[in-house]
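Spelled out from the first residue to the last, the chains are:
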Amino acid sequence: MNAIDIALPLCAQTVAALNPGDIVRIGGPVYTARDAAHRRMAESLVRGEPLPFAIAGQTIYYAGPAPARPGQIIGPCGPTTSARMDAYTPQLIKAGLRGMIGKGERSDAVREAMREYGAVYFGVVGGAAALIARCVKRCEIVAYEDLGTEAIRRLELEGLIAIVLGK
Amino acid sequence: MRIIRANEILELTRRLILDAEFNIGVDVRAALEAALKRETAQPARLALEQILENQRIASEERTPLCQDTGMIVAFVELGQDARVESDAEGGFEEAIQAGARAAFYGGYLRASVVDDPLFERANTRDNSPAVIHARIVGGDRLRMLVMPKGFGSENMSAIRMLPPSAGREGAADFIVDTVRRAGSKPCPPTIVGVGIGGTFEQCALIAKKATARRVGSVHPDPRYAALEDECLARVNALGIGPAGYGGFTTSLAVHIDHAPTHIAGMPVAVNIVCHASRHAEGYI
Ligand code: SF4
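Protein sequence lines, in the order shown, are assigned to chains A and B. So for the first sequence, the numbering used here puts the first residue at 6; every next one is plus one. So for the second sequence, the numbering used here puts the first residue at 33; every next one is plus one.
Everything labelled a hint here was simulated from the structure, so no lab data went into it. Computed from a predicted structure; not experimentally measured. One should not assume that every hint holds.
Partner residues are not named here, just some residues of chain B that face chain A (Cβ under 10 Å, in silico) [what the hints assert, rightly or not]: (1) ALA62; (2) ALA66; (3) LYS69; (4) ARG70; (5) THR72; (6) LEU78; (7) LEU80; (8) PRO96; (9) LEU97; (10) GLN99; (11) PHE124; (12) LEU141; (13) PRO218; (14) GLY276; (15) PHE280; (16) ALA308.
Restricting the straight-line Cα-Cα distance to at most 35 Å, the calculated cross-link-like pairs of lysine-lysine (DSBU-like) are [to be verified]: (17) B/LYS69 to B/LYS241; (18) A/LYS142 to B/LYS241; (19) A/LYS142 to A/LYS172; (20) B/LYS69 to A/LYS172.
A few chain A positions that, by computed beta-carbon distances, are all more than 12 Å from chain B [stated by the list, open to error]: (21) ARG44; (22) ILE60; (23) PRO72; (24) ALA92; (25) TYR93; (26) PRO95; (27) VAL130; (28) VAL147.
Glycine included, every Cβ here is placed at the ideal spot set by N, Cα and C.
Full structure from sequences and hints, please.
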């Protein structure tokens with residue numbers, strides 16, 4: 006398949022070279038975060054506290070995996086609907102977030118923040134969860150363990166096929 | 033009087049949930065394969081190929097099709113000539129709940145349920161409770177339809193209490209508009225279940241049940257069959273496409289069910305199900 010190879014974390018030149026509709030093959034680290042983790046991160050920013058990981062240049066994957074069976078690295082882990090995170094995303098982009106992976110449309114405010122700060126939004130196929138799990142080579146919880154599936158995990162990806170939905 | 037043990041209900045619930053979580057119906061698969069033949073653009077084809085490949089992996093590895101293993105919905109019909117006898121877990125409802133928990137632990141499903149919807153939103157940690165809709169019917173069997181439901185698509189569902197004057201066009205417009213507004217959030221290609229008539233809650237229930245109808249089946253009433261075809265054509269003309277990547281296949285089917293309603297009303301409910309259309313049926 007004709008896919009552009011992307012090595013995370015993203016740099017400004019990589020982002021600049023991408024266009025909506027491009028098919029990419031992503032490798033490298035991402036951090037999972039969804040509804041509850043975003044709420045906590047936003048609360049931290051309001052209080053002026055540091056985020057649970059150094060967000061500058063990093064990519065967030067909107068996902069909450071199912072539990073791993075014994076011997077598995079991770080359970081099925083497809084994307085969740087990105088729009089639910091829209092309320093929090095512009096402040097994270099401002100704080101340095103450069104990439105997002107999820108499914109579905111984003112708000113005008115998110116699109117504007119992406120343009121202003123040079124961030125990119127990748128789409129993966131919602132519901133392709135068992136297939137996507139095969140692209141995860143390492144998984145560790147880095148924060149909010151009490152949130153269960155909603156905890157922030159650092160995943161090491163290899164060969165995740167995605168499409169550029171916006172930047 | 034036929035005795036049905038609570039443990040049999042527990043086991044049936046567990047088995048049906050896992051079957052639904054791991055295996056997609058042949059009807060949905062056939063519809064997706066047909067869609068792949070129709071689509072020409074690379075992103076749409078890529079999405080469909082990944083969806084089909086995901087289904088193959090899930091059933092081969094007995095792993096859930098989607099990480100959102102959903103909230104468990106069980107439609108149960110209990111024959112009036114059967115009597116449920118309690119076991120260790122308790123009676124009828126407890127057995128279904130215990131079966132759902134057994135599926136959660138045994139199938140490595142995701143804990144996706146919070147207890148209080150508005151305030152603490154604390155995760156119940158075992159995906160409980162399941163939503164149970166039970167009816168008493170004739171005979172001495174127990175029939176169960178389980179439908180684990182993810183909220184990417186559930187959130188995109190809608191109900192409207194339309195006036196009778198809205199008529200066929202009003203219903204069709206509401207159906208198409210609901211799918212349009214959903215965009216790519218409910219993981220297209222979707223299956224659109226529609227309830228028309230009844231009361232507020234009955235309308236939503238028949239919409240939900242309609243999603244489980246076999247894809248490719250034709251409505252027995254030709255007027256509704258024509259309305260289904262028209263809505264499906266309009267929905268697929270929206271161009272949302274597989275995974276929202278653009279294309280001809282936004283939905284695989286529109287299934288309408290209807291019920292008698294009040295002289296003053298014409299409720300329409302639209303329940304959207306993603307391509308991971310999970311349901312399984314069995315009986316004791
Ligand atoms: S809408 Fe369906 S396929 Fe998409 S993430 Fe939710 S459960 Fe999975």
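Requested in this report: Classify the label on A/ARG44 as holds or violated, using whether its beta-carbon is more than 12 Å from each beta-carbon of chain B.
Outcome: violated, 10 Å
Query raised in the report: Regarding the assertion that A/ILE60 does not contact chain B, is the least Cβ-Cβ distance greater than 12 Å?
Result: Fine: 24 Å to the nearest Cβ keeps A/ILE60 off the interface.
Query raised in the report: Hey, B/LYS69 versus A/LYS172, does the alpha-carbon distance stay inside 35 Å?
Result: holds, 31 Å
Query raised in the report: Holds or violated: B/PHE280 as interface residue toward chain A, Cβ cutoff 10 Å?
Result: violated, 17 Å
Query raised in the report: Quick one, is the B/THR72 hint okay against chain A at 10 Å, beta carbons?
Result: violated, 15 Å
Query - Restraint outcome when B/ALA308 is required to lie within 10 Å of chain A by C-beta distance - result: It holds, given that the least Cβ distance between B/ALA308 and chain A is near 4 Å, below 10 Å.
Query raised in the report: Can we keep the B/ALA66 interface hint, with Cβ of chain A closer than 10 Å?
Result: violated, 18 Å
Query raised in the report: Taking C-beta pairs only, is A/VAL147 more than 12 Å away from all of chain B?
Result: holds, 19 Å
**Report entry** Restraint outcome when B/LEU97 is required to lie within 10 Å of chain A by C-beta distance
**Finding:** holds, 7 Å
**Report entry** A/VAL130 and chain B, when compared Cβ to Cβ, separated by more than 12 Å
**Finding:** violated, 5 Å
Query raised in the report: Hey, does the B/GLN99 contact hint survive, CB to chain A under 10 Å?
Result: holds, 4 Å
Query raised in the report: Under the criterion of a CB-CB separation shorter than 10 Å, is B/PHE124 in contact with chain A as hinted?
Result: violated, 29 Å
Consistency note: the structure conflicts with the earlier hints numbered 1, 2, 3, 4, 5, 11, 15, 18, 21, 23, 27.
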